[in-house]
Amino acid sequence: MEKLISEFSLGLFFWQSAIFIGLLLLLRKFAWKPILNAVNEREDSIKNALDSAEQARIQLENLQSENQRLLKEARKEKEILIKEALKTKNQIIDDAKKEALNQTEKILSQAQETIQSEKRAALKELKNQVGSIAIDIAEKVINKELENKDKQMNLVNDLLKATDFK
Amino acid sequence: MLYMLKKANAIALYMFAFFLTSIPSLAKETQPGKDLKTEIKKYISHHLEDAHDFSLFSFTNNIGKHVYVGIPLPVILWDEGLKVFSSSKLNHGEGVAEVGSSYYKLEHGKIYRTGPEGRINYDKNNHPTNKLPIDLSITKGVVSMLIIAFLMFFLFASLAKSYKENHGIPKGIGRFFEPIVLYVRDEIARPNIGEKKYSYYMNFLLTVFFFIWFLNLLGLTPLGVNVTGNIAVTFGLALLTFLVTNLTGTKTYWFHILDPLGNSMKWYSKIPLYIILIPIELLGIFIKPFSLLIRLYANMQAGHIVLMSLIGLMFIFKSWLGSPLSFGLAFAISIIELLVALLQAYIFTMLSALYFGFAAEDHEHH
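Residue numbers (numbering that gives the first Met the number 0), protein chains in the order written: chain A, 0 to 165; chain B, 0 to 365.
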């Protein structure tokens, strides 16, 4: 211990403290602070980069699943559309057929009606014609036959018998 | 890779220069009739001490005079006024320096005031009775510390600058030192002090770690400096740890010291215990940094003694078996010392951080 104390040099202690404290202050300003700040900044930026990469990954995943979902939906919709289109097509065809049939029937019935009415008109005309012809004949006959009263009567009866009216 | 290279470089340099420096000084200083062992012992103890000049080696020339090769350093004394002169005037204790009207002589590493004839008087305990002026000289140790301080400043300032220039990525030698800075932060400061307060202590911890480590490494070079093995230096470092610990101590820290049992006991039953406990706790405040200063001092001192003794063995054995053996041992010890240089810096920083952790504790856990 005595040796230690006798070895102790005040001058060296003084200079050591002065140099060390001076060095400490200088290094604090010019070295440690900028070094630690730079390292911290770097670590933060690395951490941020990793975080944002992770986020981007998650977003991408979300996007992909969203895409998948949309694709599935689109496919489903397409199927529905196709189904509907088929249905519409069949309906249109059916409708058209039905319509055509209706139209035909209508035209047919109209034609028949026309035929019937034409026929009736023709018959009426014919009746009139026959009536007037009969009257003409009757007139001539009457003119001739009426000379004889029996004969007149017979004739009228014969004529009436011969003419079958409907 | 760089570390390995550095290690290899240091070893190579070390060995090369030891052959250059130690051998001539040891071999040539040995005079016939003198005991070689005491010579070596004296040389080692001389090396372990601080010196007033930066001597690289010395030898005895052919007229029997000591010749020192090195750089003289300024001597600064406070002895009724400031006295500044070159250490070459002291001539390694062999001359008397005349400064103004005063005379100074170097004796066992200390400068005493003497008369013009340079006589040193001793009391009966063999202590010099001459006046000891306040010695603030720029000694070998101070120069070494200045070199390391400049080195550290330029190293870490350039590392800090390279971040700005290179978008947050270090360049060059900073690539080697950045992981060490991060290690101090993540493995020493953070776990011991806690996430909340560690940044306040980072300046001190980083500076002390690299300061001790670099000085330890400089001590392994053949320049023969032994700064961290000097009690005044380790005392200064430990004193700073002590001051930082106690000046930043929180209320919790002082409660732990003055009221270590807390609320676990009634106050009257604590009195007899506290008569013993509180003095122990108070003593602990001083013992903690004291253990720091002794540990660093003793480890570095011991390393230097072992290494130099093993090298000294070569000159004692002087045989084809002994010298290679002691060389091999010295080589192995040098490699271990490289590890010790780092380890001691780590331990000092680690324990400082631990003490700061106690001081910075903020929560109650009774």
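Don't read these hints as lab results, they were simulated from the structure. Misleading hints may appear alongside valid ones.
[What the hints assert, rightly or not] Distance ranges between label pairs, derived from CB positions:
#1 GLU40(A) - ILE179(B): 16 to 22 Å
#2 LYS46(A) - HIS107(B): 37 to 43 Å
#3 ALA52(A) - PHE326(B): 53 to 59 Å
#4 LEU150(B) - MET0(A): 31 to 37 Å
We put the CB at the ideal spot given by N, CA and C, even for glycine.
The hints, checked one at a time:
The hint said 16 to 22 Å for the Cβ distance between GLU40(A) and ILE179(B), and at roughly 19 Å that hint holds. Separated by about 60 Å at the C-beta atoms, LYS46(A) and HIS107(B) break the suggested range of 37 to 43 Å. Taking 53 to 59 Å as the suggested C-beta distance range, the pair ALA52(A) and PHE326(B) conforms, at roughly 58 Å. At about 34 Å, the CB distance of LEU150(B) to MET0(A) agrees with the hint of 31 to 37 Å.
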